[in-house]
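Chemist: The listed protein sequences correspond, in order, to chains A and B.
Heads up: the first sequence begins at 1 in our numbering, then just goes up one per residue.
Heads up: the second sequence begins at 1 in our numbering, then just goes up one per residue.
Hints were generated in silico from the structure; no laboratory data involved.
It is possible that part of the hints are untrue.
To spell it out: a stretch of chain A is covered by chain B in this simulated footprint if at least three of its residues, at any positions, have a beta carbon under 8 Å from a beta carbon of chain B; those stretches are [as the list claims (entries may be wrong)]:
{"id": "1", "region": "3-17"}
{"id": "2", "region": "20-27"}
{"id": "3", "region": "33-45"}
{"id": "4", "region": "94-100"}
To give a feel for the contact side, a few chain A residues facing chain B, derived at Cβ under 7 Å [said to hold, decoys possible]:
{"id": "5", "residue": "48"}
{"id": "6", "residue": "69"}
{"id": "7", "residue": "72"}
{"id": "8", "residue": "126"}
{"id": "9", "residue": "128"}
{"id": "10", "residue": "130"}
As the structure is a prediction and not an experimental result, all values here were calculated from the model.
Even glycine gets a Cβ: it sits at the ideal position worked out from N, Cα and C.
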Amino acid sequence: MKSHLEEHEITAAVAGLELEAAVEQHLGSCVSCRRQVFAMREVIDARLEDLEAEAPDWERQRQEIMLQLPATPMARPKRRLWTRPLLAVAAVLVAAIGLRALWEPAPVVDPGVVSELPVEQILAEVDAMLADDSIPGFELLDQGMDDAIFDNGTS
Amino acid sequence: MDPSRIDLSQADDALVLRAQNGDHDAFGELVNRHQRRVWMVCRQYVGAGEADASAQDSLVKAFTRIGDFDRRAAFSTWLTRIAINTCLDELRRRRREAIVDDESDGDEAPNRLDLLQDGAAGPEGRSMQKQAVASLLAQEKELPPRQREIFRLRFYAEMELEEIASTLDVHVGTVKTQLHRAVHKLREELGAYR
Chain A
1 MKSHLEEHEI TAAVAGLELE AAVEQHLGSC VSCRRQVFAM REVIDARLED
51 LEAEAPDWER QRQEIMLQLP ATPMARPKRR LWTRPLLAVA AVLVAAIGLR
101 ALWEPAPVVD PGVVSELPVE QILAEVDAML ADDSIPGFEL LDQGMDDAIF
151 DNGTS
Chain B
1 MDPSRIDLSQ ADDALVLRAQ NGDHDAFGEL VNRHQRRVWM VCRQYVGAGE
51 ADASAQDSLV KAFTRIGDFD RRAAFSTWLT RIAINTCLDE LRRRRREAIV
101 DDESDGDEAP NRLDLLQDGA AGPEGRSMQK QAVASLLAQE KELPPRQREI
151 FRLRFYAEME LEEIASTLDV HVGTVKTQLH RAVHKLREEL GAYR
């Protein structure tokens, strides 16, 4: 037989948690322990009473709610059973492609390949082009057209 | 679950079925049965000023979406979830604290429970009880949000542990642990120890 309940047992009794049979038996017979439980419950109950005093008039609230209801509830959306498996398959495919990309070794670039470009030849062609006075892109194709553009609206 | 709650739940199911077919009277009966709980839940989240509006909003939403109710949980649990989500949406909109501070401040009140232990009858006793309630309220605010939420759903919305677990989508063991910690802390702060 317990002399008095432990703190955690009093707490459990206040919280309304499951109690061991021995604890319940003790609470039934020990005024001191029971008083500790009731003291806390009394304060909580008093707080609940305060809250209930703030509550609205239930009938009036019900009527207000009824006035706001639509004629019918929203129709239940049809479940598209095929969408989830399809999304799952798509996710697996994306993951597989991603993993494959990670696994494949990056192509090794041979530094010699880059230097095989005919750099000298390209530079010579550019020099030759620059040496030429006329730059084809800027040559006037038709002098008459040029005059017409500048004379437009002025004569 | 308590047998009387099972009966209530079965009666709810019949009303839900009718409400799903657009029967307003059946939904009105569901409102009668659950509006107190819904209001009390909203009261804990948004405070006295907004509780009525949020409760009404929750119940109208429940009717609108009753077609989605699939009976995997009890109707009361589903409805409580709607109420909590409605309140959280409102809180997000207002960018306020998750559980609103109550209007009364609650002064320091050590050993209130000890004072109450010899009975609270008579004007003096009632005054001490008021002080103890104010102190409880102040200490509740000091609890971590999850503990405070569970404590209030348990004692003020008077929900079963399993229902709280289902509503908050946590394990019932978590609810028990958090509730035990909350009560322990409150008892300690209210001065249950000598």
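Chemist: Among all the numbered hints in the text so far, which are the ones the structure does not match?
Modeler: Hints 2, 4, 8, 9 and 10 not satisfied by this model.
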